[in-house]
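Asker: Protein chains in written order, with the numbering used here: chain D, 19 to 481; chain P, 19 to 481; chain G, 19 to 481.
Hints in this document: simulated from the structure, not taken from any laboratory. Treat the hints with care, as some may be off.
Stated by the list, open to error - Keeping only pairs whose Cα atoms sit at most 25 Å apart, straight-line, the calculated PhoX-like set for lysine-lysine is:
| # | chain 1 | residue 1 | chain 2 | residue 2 |
| --- | --- | --- | --- | --- |
| 1 | P | Lys199 | P | Lys170 |
| 2 | P | Lys38 | D | Lys35 |
| 3 | P | Lys145 | P | Lys103 |
| 4 | G | Lys35 | D | Lys35 |
| 5 | G | Lys35 | P | Lys35 |
| 6 | G | Lys476 | G | Lys199 |
| 7 | G | Lys35 | D | Lys38 |
| 8 | D | Lys35 | P | Lys35 |
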Amino acid sequence: MLIHEDRLFPAEPGIRKIAKALYAQVRSLPIISPHGHTQASWFAKNEPFPDPAKLFVQPDHYVYRMLYSQGVSLEDLEIGQAELKDPRKVWGIFARHYYLFRGTPTRMWLDFAFQELFGMEERLSAKNADHYFDVISEKLRTPEFLPRALYKHFNLEVLATTNSALDSLADHRAIRDSNWKARIVPTFRPDSVVDPDFNGFAGNIAKLGEQTGEDCSTWAGYLKALRVTRRQFQELGCTATDHGHPTAQTANLSPAEAGKLFQLILAGNTEPAQNELFRAQMLTEMARMSIEDGLVMQIHPGSMRNHNHLIFERYGRDMGGDIPRTTNYVDALRPLLDQFGNEAGLTLILFTLDESTYSRELAPLAGHYPCLRLGPPWWFHDSPEGMMRFRERVTETAGFYNTVGFNDDTRAFLSIPARHDMARRVDCAYLAKLVSDHRLEEDEAMELAHDLTYGLAKKAYRL
Amino acid sequence: MLIHEDRLFPAEPGIRKIAKALYAQVRSLPIISPHGHTQASWFAKNEPFPDPAKLFVQPDHYVYRMLYSQGVSLEDLEIGQAELKDPRKVWGIFARHYYLFRGTPTRMWLDFAFQELFGMEERLSAKNADHYFDVISEKLRTPEFLPRALYKHFNLEVLATTNSALDSLADHRAIRDSNWKARIVPTFRPDSVVDPDFNGFAGNIAKLGEQTGEDCSTWAGYLKALRVTRRQFQELGCTATDHGHPTAQTANLSPAEAGKLFQLILAGNTEPAQNELFRAQMLTEMARMSIEDGLVMQIHPGSMRNHNHLIFERYGRDMGGDIPRTTNYVDALRPLLDQFGNEAGLTLILFTLDESTYSRELAPLAGHYPCLRLGPPWWFHDSPEGMMRFRERVTETAGFYNTVGFNDDTRAFLSIPARHDMARRVDCAYLAKLVSDHRLEEDEAMELAHDLTYGLAKKAYRL
Amino acid sequence: MLIHEDRLFPAEPGIRKIAKALYAQVRSLPIISPHGHTQASWFAKNEPFPDPAKLFVQPDHYVYRMLYSQGVSLEDLEIGQAELKDPRKVWGIFARHYYLFRGTPTRMWLDFAFQELFGMEERLSAKNADHYFDVISEKLRTPEFLPRALYKHFNLEVLATTNSALDSLADHRAIRDSNWKARIVPTFRPDSVVDPDFNGFAGNIAKLGEQTGEDCSTWAGYLKALRVTRRQFQELGCTATDHGHPTAQTANLSPAEAGKLFQLILAGNTEPAQNELFRAQMLTEMARMSIEDGLVMQIHPGSMRNHNHLIFERYGRDMGGDIPRTTNYVDALRPLLDQFGNEAGLTLILFTLDESTYSRELAPLAGHYPCLRLGPPWWFHDSPEGMMRFRERVTETAGFYNTVGFNDDTRAFLSIPARHDMARRVDCAYLAKLVSDHRLEEDEAMELAHDLTYGLAKKAYRL
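Given these sequences and hints, build the entire structure.
Answerer: So, in structure tokens, the structure goes:
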């Protein structure tokens with residue numbers, strides 16, 4: 019047996035009993051997945067997933083960054099190859115190094131999928147690598163393992179993807195136009211057209227103009243084009259935007275100043291500080307548009323992208339070489355909050371990779387401003403210890419109702435049930451501790467378990 | 019029942035038993051409250067507290083910042099009104115939103131007061147809001163609920179208020195001149211006359227001159243006026259000063275440089291950096307005066323005041339819109355410590371809102387410099403988890419004897435017993451864990467429980 | 019009894035049982051001590067340690083910084099005296115203040131030595147100070163307490179000292195040339211010849227030239243001299259270098275730029291920023307040499323040395339007046355990592371005094387770059403809570419195999435077994451918790467306990 023029925027519950031019998039009772043109420047609730055990186059094309063086409071290596075190793079930088087850190091070459095893992103030459107060999111390398119994941123959440127997510135989806139019972143190792151490969155490969159060819167079947171099997175109620183503002187959304191349209199009853203919605207991610215440092219920015223702006231028929235050589239036309247695009251996303255079910263900036267810096271320029279800056283940016287000879295100011299201003303513009311059109315706004319700051327320049331040059335973005343940095347919110351968000359902080363119509367969800375901000379900045383901000391909510395622990399902190407630190411550091415100041423439930427934030431579709439299950443278990447463990455401490459009564463904990471699992475995400479993301 | 023006899027004690031039976039034994043020794047010790055924000059006028063006049071809304075909602079920014087963060091308007095709560103038009107309605111709004119406080123210390127403080135002082139047994143909700151309102155209102159009209167009676171009932175041994183350097187201290191004088199046997203002492207808080215960015219700074223300096231008869235247009239006269247005022251505070255029992263600066267920056271200018279800066283400040287055309295330098299220099303001046311007159315010095319840095327400018331404009335200071343920032347101590351305190359750090363006669367108590375400094379800066383500093391002590395977790399961190407993090411992060415480097423017991427730091431008089439009780443429980447839980455780990459023997463833990471509850475505060479604050 | 023058989027094991031019976039089983043497998047493993055500050059001369063000469071005060075109080079800034087923080091004068095402790103005038107009096111002061119160490123790891127290390135080495139059973143206090151002094155003094159004169167006997171008694175397999183690049187290594191040579199079978203190896207610490215702010219830098223460079231016969235007035239000659247010296251260290255068993263810089267800043271100048279900077283530095287009229295740049299460049303040069311000669315590289319950044327200038331002036335370096343600062347790794351290391359980050363032949367071990375970097379920067383970096391490993395919690399964080407925070411914050415992202423086992427990092431030879439024992443217990447407690455959480459199976463935990471105690475240190479340090 020790879021995963022234990024009582025995993026992640028507190029050891030002390032009194033608390034464990036409470037945790038299990040809470041979990042029993044929420045374990046089978048539908049999954050709300052309001053933020054993630056699965057591909058709509060999977061569901062539009064509904065083709066079988068290829069082999070185990072392509073499914074578990076290639077798309078998951080949690081997996082191959084660890085292998086790489088211990089000397090496994092990305093070439094050997096065939097990372098970046100559209101078709102794998104020798105998936106069984108890749109799988110074998112992964113299996114041989116599976117011990118590296120001891121103590122990591124990746125190990126728990128994988129074991130969950132191996133057991134619950136593929137019926138494996140013995141820990142993955144060099145010895146049973148081929149057996150794993152064969153069993154998984156075979157199952158992937160069955161109808162039960164087609165993307166749409168898995169969506170249903172996973173008990174998903176809604177699944178949000180993340181989409182460039184330049185995405186045609188053809189796959190979302192195809193899903194909508196099919197007979198399939200499912201709710202797969204895009205999320206508006208405009209980084210490529212609001213961040214002057216984004217690869218190909220000028221071309222992206224041009225493409226935005228073409229796509230919307232607006233004149234993107236003027237500030238007014240550019241803003242109009244963004245409004246139009248947001249509207250197109252909304253027509254396909256989108257309820258949220260997402261902003262992956264290096265910092266949380268916002269700005270509040272006058273329209274004249276902003277327009278002038280936009281022209282400088284378009285001309286392409288700006289300093290880094292001007293690019294940062296433009297990104298900052300665009301967060302405030304996005305907040306303004308959110309107040310108009312009701313899209314919930316998410317800010318995911320604080321990652322230094324492509325830290326490993328060799329990997330970036332050879333393999334491109336999102337290859338496990340992004341590293342968090344110290345992130346400031348209290349000064350950075352002030353310009354936006356000065357303008358819109360007291361607007362009840364705005365929902366602005368903040369994420370962090372800098373846990374020192376939980377109790378110092380984020381909980382005090384979210385515990386005061388009506389527009390602010392705290393997103394769940396993100397990326398490196400989306401783990402049992404990380405989730406517990408989040409609750410322990412934010413709840414006392416911001417309470418539960420300024421948080422928004424769980425995000426799986428994953429590219430690995432098969433890990434979704436495992437990730438939500440982990441969040442449910444950790445939240446129940448936390449609530450059980452509060453009950454055991456007599457800080458909360460059991461009926462309240464029950465209501466909270468439901469809210470943290472289901473209610474808060476639906477409400478915050480307006481789903 | 020709202021509060022449980024064993025709340026906040028560890029769940030593991032062996033540790034719980036030790037914690038309870040420790041707590042039994044300290045639960046009834048008198049309360050030393052060396053830092054807080056109650057009003058001397060309450061005790062000077064000894065008039066009944068008005069209604070429940072005025073008592074529990076209006077003065078407590080812990081309460082209404084949470085309500086505000088969830089969309090309750092401050093207008094509806096009648097915040098800032100001298101007389102409430104409809105206290106029952108305000109109370110009803112509060113009761114309806116009481117669930118927002120789940121998992122917060124505010125909830126525990128309130129339940130403590132509701133049960134222990136007013137005999138309530140059922141959790142506050144929309145349903146019983148009127149009943150609560152009636153019971154509390156009635157009790158508040160009885161002699162047992164007059165401020166002086168409560169002071170006695172709470173078993174207070176000494177209660178320090180916090181007073182502007184410009185406060186006439188008439189209320190403290192009135193208490194002293196009455197027959198009432200109690201120890202209510204002022205704390206010297208000179209922010210309004212040492213911080214050039216304080217509202218009305220120039221007028222404040224003028225008032226300081228009038229009040230003391232010193233010529234505050236010269237550096238020497240200004241310092242003299244501060245010395246005279248400190249002396250006046252001391253005559254009414256004051257043993258400590260308090261400094262609420264944006265940062266912990268100190269400076270060590272020559273008298274000539276300092277005098278020159280003072281003239282620039284008075285002339286009113288300084289840059290922000292010069293204002294910061296002046297505040298920094300004034301901390302060092304205050305340390306110098308403390309060595310002379312024996313007043314214990316407290317520094318409370320790191321809060322960005324009035325972050326929400328709309329709230330500040332409408333309601334003024336201290337309305338729940340202050341947000342902590344990253345705080346540096348190691349560089350900032352060096353100028354002061356270079357001058358006075360090795361003076362055994364000086365006691366300088368440091369507080370923080372940036373928990374990342376506990377193990378990195380504060381414990382190493384306090385575990386070395388003879389003048390330094392660490393204040394208890396403050397404000398947003400004055401909570402069960404916050405207190406535990408403080409002990410876990412500072413004890414191993416600074417020990418217990420470089421800490422100073424508990425501060426309730428509250429404007430909410432009725433929360434004082436609840437807050438001290440919480441601190442006693444958490445400290446006993448921490449000590450019990452050390453005993454269970456065999457890191458401490460039980461007789462030592464007993465002595466420490468007493469010191470943390472009573473002895474260290476009296477000693478550090480020279481009470 | 020001073021130390022309990024079950025100290026530091028978790029209280030919950032199920033977890034405790036697992037922890038004890040793990041610990042039973044590793045408690046008697048030989049000690050690998052790959053980083054510390056003991057003196058090779060002790061083992062070269064093999065003379066008796068002098069009295070208890072000279073042994074336990076004088077060399078240990080953990081001890082006297084705490085005493086100093088509570089008003090004990092360093093004069094009274096005879097700190098800095100080559101020969102103590104009244105060791106019994108110094109011991110008495112220490113004994114009287116022993117209660118100050120409650121809750122600190124120092125207390126546990128001392129009690130371990132008192133009981134395990136000297137057979138004491140009653141807690142040190144003013145009352146039994148003389149008895150302790152007599153018993154310890156007597157034992158120190160026996161053959162069993164000579165340095166070489168203790169080395170054997172402690173079950174040391176290898177002990178690394180830390181040595182200036184200017185050290186003649188005569189003591190190491192003497193040990194090698196004696197018949198004694200032991201492995202005491204130097205570590206190459208070049209701070210005095212790569213840090214322009216180091217006391218007597220110019221003279222140090224001159225001495226380096228003399229020592230190696232290289233022309234240290236040129237950039238090429240200087241680098242050559244460093245290479246030669248590293249080789250001399252290697253001949254005496256050295257496998258690692260150590261770099262104690264104020265920050266983790268690295269640089270990647272061209273040879274021409276670096277040579278030019280070196281000439282400015284030699285000329286002695288540089289700005290602080292140029293000195294910092296030179297240190298930064300030298301880390302990259304050291305990495306280059308490590309790739310050539312295979313020495314493992316350690317960076318110990320983030321301490322502000324000699325914060326207390328009075329103590330520094332009177333007593334010199336390393337007197338307990340060093341205070342940690344905020345430390346950045348993600349930007350600082352980038353120049354070096356851009357050049358060498360993907361070199362499998364390089365091992366670069368990072369330490370920190372800023373725990374906020376564990377989950378934010380260090381674990382993500384080590385969980386990606388093949389050359390990076392994380393050193394154990396260091397200095398102020400080398401404690402039960404500190405070790406647990408380290409595991410909890412780094413394991414989920416970096417796993418166990420990007421860490422390198424324990425360093426005792428001590429000047430106090432007699433504390434070595436106590437420190438390693440503490441690390442073994444805390445690691446077993448952490449592993450037991452993972453097993454109890456069903457995040458790890460017991461056979462894996464067993465293997466990991468062995469690796470964390472023995473295998474990882476040997477492998478990472480190439481011992």
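Asker: Is lysine 35 (chain D) close enough to lysine 35 (chain P), meaning Cα to Cα at most 25 Å?
Answerer: It holds: about 21 Å lies between the C-alpha atoms, which stays within 25 Å.
Asker: Run the distance test for lysine 476 (chain G) versus lysine 199 (chain G): straight-line Cα separation, threshold 25 Å.
Answerer: Roughly 19 Å separates the two Cα atoms, so the pair holds.
Asker: Lysine 35 (chain G) and lysine 35 (chain D) were given as a pair; does the straight-line alpha-carbon distance stay at or below 25 Å?
Answerer: holds (21 Å)
Asker: Compare the distance between the alpha carbons of lysine 35 (chain G) and lysine 35 (chain P) with 25 Å, and conclude whether the hinted pair is satisfied.
Answerer: Given that 25 Å is the threshold and the Cα spacing comes to 21 Å, the pair holds.
Asker: Checking one constraint from the list: CA of lysine 38 (chain P) to CA of lysine 35 (chain D), max 25 Å. Satisfied?
Answerer: Distance ~23 Å between lysine 38 (chain P) and lysine 35 (chain D) Cα, so the pair holds.
Asker: Are lysine 145 (chain P) and lysine 103 (chain P) close enough, with their CA atoms no more than 25 Å apart?
Answerer: holds (22 Å)
Asker: Are the Cα atoms of lysine 199 (chain P) and lysine 170 (chain P) separated by 25 Å or less?
Answerer: The given pair, whose Cα atoms are some 10 Å apart, holds under the 25 Å limit.
Asker: With the threshold set at 25 Å, check whether the alpha-carbon distance from lysine 35 (chain G) to lysine 38 (chain D) stays at or below it.
Answerer: holds (23 Å)
Hint violations for this structure: none, all hints satisfied.
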